[in-house]
Structure formats: C-alpha cells, structure tokens
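Colleague: Could you build the full structure based on these sequences and the hints that come with them?
Quick note, the sequences are listed as chains U and D, same order. So this note's numbering is basically just the index in the first sequence, starting at one, shifted up by 63. So this note's numbering is basically just the index in the second sequence, starting at one, shifted up by 6.
FYI, nobody ran anything at the bench for these hints, they're computed from the structure. Treat each hint with caution, since some may be false.
[Said to hold, decoys possible] Here are the simulated lysine-lysine pairs, DSBU-like style, with alpha carbons at most 30 Å apart: (1) K142(U) / K194(D); (2) K58(D) / K143(U); (3) K142(U) / K58(D); (4) K310(U) / K143(U); (5) K194(D) / K162(D); (6) K67(U) / K142(U); (7) K142(U) / K240(U); (8) K310(U) / K240(U); (9) K97(U) / K67(U).
The chain contents come next:
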Amino acid sequence: MQGKSIVITSGKGGVGKTTTTANIGAALALAGSKTCLIDADIGLRNLDVVLGLENRIVYDLVDVVEDRCRLEQALIRDKKTDNLHLLPAAQTRDKEAVNEEQINEVIEELREEMDYILVDSPAGIEQGFRNAIAGADRAIIIATPEVSAVRDADRIIGLLEAEGVNNPDLIINRIKKEMVDRGDMMDIDDMMEILAIDILGVVPEEEKIVVSTNRGEPIVHSNNSRAGQAFRNIARRLEGEELPLMKLEKDSFLSRFKKFVGLS
Amino acid sequence: MNEPFTTEMIAEGVLLNINPEIPLDNVKSSLESHLEDAGDFYRGADLYLNLKGISIESDELQDLIGFISQSVSSETNVYFSSHSREEEQKGLNRRLIKKDRTRENEEVSFKDDTRLVRGTLRSGQAVEHPHNVVILGDVNPGAEVRAGGDILVFGKLMGLVHAGVRGDEDAEIAALRLTPTQIRIASKISRPPENETERFEPRPERAFIETGRIIVEEIDF
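Modeller: If you want it as structure tokens, here you go:
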C-alpha cells in the first residue's frame, strides 16, 4: 500500500487549517480509508484538542524523530472513527525540534500502513511550514474570503511550487452567503481570479463549527450541518469523485424551515 | 518558646533567631548539632544572625561567629541582623514579596529536594525537577510538570503531570482541583473519565498508586 500524503496549509493563521484537517480526515476515515493526521504545529498544537484526543497523548512527533518511541506507539486512534489516527505534535518544544528529512521519513513509514496522510501545517512560512510540506504529494490551501488571506495563499502557492509541490487545490472556508450577496465579501470568482488553482470545496461559515471544535467532535459527524456536508464532499472529491460545488444558501429561519418541510 | 533558636526563610537568606532566654552555651551546642544535620542545606544561602534582646560579651560573640562560619560552607556569608519579629520583619517580608514577583516561575526554595514554582504554568511551559515540585498556581492544559518525587499543585491542575518519573511508585500528586489532561505516576498513566460534568467548587484531591493502578481520592480534612 502506498498512501498519499497531503499537506493542509494557508500562510495566514486562523483561517481554519486545523478544523479542516480534522474534518477531512474524519470524513475520509468514515468513508473507509485508513487515514493518519500529523500535527506539524509543534509548540502550538491544536489538532489533538479539536479531535478531543488531548488526554490520550503519551508520545508525540518529536519523541518519534528523537527515537524515544516507535512510530506506532505515538499514533492515537480516534475515539469515534477506527480508521482515523493522529500523530500529535509536542507542545513544550518548538518548530526547530524536527527537520524536513525527519518528517519525510515519518511520512514514508506511514505510507506503508495508511491510505491518506494529512499534515496540518502551522501558520507562517518558516521552519514549521517547511517541515509540513516535506514529503507532501499534494497540497490543499485554505483561504477565507478576505484580501489578506488570499494574499497569503498566493504567496504559499508560489513557495509550494518552488519546493516542487505543484497543482495545489483550494478550499474556501467560512464563506457567508449574505455578505457575498451584499458585495461585502469576496466571492468565489474574485478569489479564483487571483489564485487560479483548482477548487476542492467551499465551506460555509457556521456557528456549529465552534461548538464542534470546542467539544472535540468534528462536524462531519453531524448530519444536519452544511459545513459538515461540505467537508464530506471534499473528502469524496479527494477520492476522485466528480461532485458539483454545493450551492450556498442563507442559514435563515426560512431556509431551515423549507429544508425541514422538504421544499429545498 | 523554649527552643534555643529558630530559623526563618527570608528573601536574603536564612534568619537565625537566637532565644535570649536560653544560656548561650546551650544555644551553641544545639546549633552545632543543627548545622551538622543540615549538611549543605545552607549552601547558596546567607545566614542572618538575629541577636535581638541578647546581651553578649564581645569574646563570646566572636566565638559564636567563628563557630558558625566554620560550620557552614565557605560560600555562605554570615551577617548580623536585629529584626524584631513583629515590625521590621514585616518590612523584610514586603521586600521578599516584591522580589518574588520579579522572578516568577523560578526556583526560590533553598532546599534542593523540593522545587517551588510561583505562578501559573501556561501551555507549552514545562517544569522538571529530580525531586518534589510544588506549584503555587495553576497548571494549565498543555503545560507539563515532571518530578522524580511528589507533585503538589496549590491551584487547579489541568495539564499533564508526571510524578515519580524515575519509577517511584510511592510518588503522589495532589491539587486543590484535580482535572488534569492526564496524570502519570511512575510508569502508570491515567486520564479523567470522559464526559464528566465540570465541577466548579475546588475540591482537593490526591492521586497515588494502589495495587498497580492510579487511584484518585478526595483529601479529607
């Protein structure tokens, strides 16, 4: 088995890399793929918290590269999905604790066991970023519909190309239909015009996401969430399925009511 | 008080209060055995001799000083001090408090078998010590404490603590509120049950190993 490794990155912080990693990972695992998530954000780890696995960490990525444990000892099995595994970051170390080669070795070892290896990249373009993209077959760029996020995404695409990671895919996160309609938010076309890369999915802004990340349960486990549906669709597209982009809709009472009675 | 002398920790070092009501020879002999027992307890700390209320001949004084200087290590300076416990001591304490604010999370204990950490440990901060560790503050999620001996958290324990890192199964963990991410004693690992409802009132608890398992129980007063 030769698993695929995918880095999830953005340049800008706070656009939803970790939430996206957790949800795509959970969605892939739910669909039956053996998936491993690597938290490359050493010193500011979050992926374990978002998955609700923080209290199960015994060994972490730094322990693995420093040979204090075997790789499989550090892998944490998700509590909800058997196929999902997490390789957590160390919290009391920093980005310089590992280098690109070491990450590459870890990924090579994981490829033997896993279908997918998703690497959650830290914000920024320093060592942490370089570690995260080491050994990646492809990249997913997360951007919110903001000029600054798009600017950073553009920079990241350039850096990835320089490192030989070509043809990254874009996920537009936290889009708000009402604001786009009013012309207050960049729409998909505005973003594509600048970035000009393939689009893998559009995830609507949703309050439930905050609840789900705080609880440590990815939103893909929830059936009545648009964002959860968007993440499941992204996972299916990653598996090669051709799926049209979900239509954006307002999360108003009327639309919820229509949905409830089956009108839309 | 009937003791020949008492000791107190002050910011500057150790204050040695000599009891004026006890004959000086008795003081000397008990001081002798004390300093012998203390070993290198006073290493790195200065000694302040409080002779308040004592009338002493200069010969006797010289004798006493000479004797103390001999008994402590050469790095320890011996000073005179005339603190009366009630008033001047307060001023000293005030200075002590001030001093401590500026060295947060630093070792302030002079005894090297317990490390005292003042202040809250935040995510990513780690404290390691070969012996016991006392935290005067919280241990937040993401913070780590590793001790060869016991760990006492005088605050909320929410992070990861590992007592008895070198395999001491008698090591214990105690906290005013024990809601850790994970606790480890020697080679045993335990985490709190999932979905337990939050408790808001502080409830001191301690954790220890019994019959090969980590047991957590409320501390009875």
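Colleague: Which earlier hints turn out false for this structure, listed by number in ascending order?
Modeller: Numbers 2, 3, 7, in rising order.
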